[in-house]
Amino acid sequence: MATVKNTYILGIETSCDDTGLAIVSNGEIVAFEKSSQGIHQNTNGVVPQIAAQEHLREINSLFQSCLDGAGIEIEEISAIGVTSGPGLIGSLAVGASWALGLSQNLNLPIYGINHLEGHVFTLFFSDEKPKKFPVLVLLASGGHTMLLDWSYPKAFKRIFNTRDDSAGEALDKVATMLNLGFPGGPEIERHAEQAKDELSYRFTVPMRNKTGFSFSGLKTEARKKIREHDELNLADFCASFQKAAFDHLLDQSEKQLSLKQYHGIAIVGGVSANQKLRKQFQSLAQDHSLCFFAPPLKLSTDNGAMPAIVAEKMLNGEIETSFLTGVYSRFKSKK
3 MATVKNTYIL GIETSCDDTG LAIVSNGEIV AFEKSSQGIH QNTNGVVPQI AAQEHLREIN
63 SLFQSCLDGA GIEIEEISAI GVTSGPGLIG SLAVGASWAL GLSQNLNLPI YGINHLEGHV
123 FTLFFSDEKP KKFPVLVLLA SGGHTMLLDW SYPKAFKRIF NTRDDSAGEA LDKVATMLNL
183 GFPGGPEIER HAEQAKDELS YRFTVPMRNK TGFSFSGLKT EARKKIREHD ELNLADFCAS
243 FQKAAFDHLL DQSEKQLSLK QYHGIAIVGG VSANQKLRKQ FQSLAQDHSL CFFAPPLKLS
303 TDNGAMPAIV AEKMLNGEIE TSFLTGVYSR FKSKK
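Note that the sequence shown covers residues 3 to 337 in the working numbering.
Since the hints were derived computationally from the structure, they do not count as laboratory data. Note that the structure is a prediction, hence the values are computed from the model and not measured. Even glycine gets a Cβ: it sits at the ideal position worked out from N, Cα and C. Some hints could be false.
Using C-beta positions, here's what the derived DEER-type ranges look like [unchecked claim]:
hint	residue 1	residue 2	range
1	G29	S202	40 to 50 Å
2	F333	F135	57 to 67 Å
3	S67	R229	26 to 36 Å
Here are the simulated PhoX-like cross-link-like pairs (lysine-lysine), alpha carbons at most 25 Å apart as the crow flies [unchecked claim]:
hint	residue 1	residue 2
4	K226	K175
5	K257	K278
6	K175	K131
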């Protein structure tokens, strides 16, 4: 009987301020390394030039740690998947140029991976993996908030995007107003968990009678309330703002569920790491008799397993191939 040779796919993620490398073999993560850039706490936001420099400083050591973690030699790598966009051009260029050099030295195929597709494909690492499609996917992160219609193996279709700020961006900016530091989402969540009344500060849930996402008005309302109150109850304020933001995500997702039949609902992206949001979407799925999917917590934020799993499916011929041809800052849909 012929022995099936294992493939080892290297994934490289440098789209923003996380340097993530991982090795995936036969759908399983066999090595996972990540470095998050704490230096941006000093500026309450990501400085693109500094982010690129940090990626360049970290990537070699993370790669060696991946090889050690997987227990393989560099020659055993079968293919490379590198995030090519959307994201910060300088940061993306660091990962792409480094990956290109490695692929040329080893004569390996190199795939340019859509960052958003990488987030969606983290669902293949969830405890309960999607088996029936379509699945309605909420992608909510620091840079993106959108609803996606996913009918694997076809590429996902974007239903609608945020009109202005992303959910993660709104959380970060309100946290900055409250001097809670960066990134702000986890800090908002931490304080909200201590709240006694999540309705003590009344926020208007955006677009109740419209379709789409918008967080700029909610952010402006938060700024106004902070100025109006000399002594905020920080925990209650965080909980109230978080509730309004999450109610908006839930409202718009539920509207879409009424328009089409889905086999499941999923949340991905950094905001999906929030435990309250996970529970709320799990309840939404139960209310509609749907399966609920979410990636493991460590895969919610940017990481190297994202481009690795997409590249593995390209290598295996399961999905359309996209070889690396350059990097791009904005969302590009597949034709």
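Hint-by-hint comparison with the structure:
| no. | hint | in the structure |
| --- | --- | --- |
| 1 | G29 <-> S202: 40 to 50 Å | 46 Å, holds |
| 2 | F333 <-> F135: 57 to 67 Å | 21 Å, violated |
| 3 | S67 <-> R229: 26 to 36 Å | 47 Å, violated |
| 4 | K226 <-> K175 | 13 Å, holds |
| 5 | K257 <-> K278 | 20 Å, holds |
| 6 | K175 <-> K131 | 34 Å, violated |
In this structure, the hints that do not hold are numbers 2, 3 and 6, in rising order.
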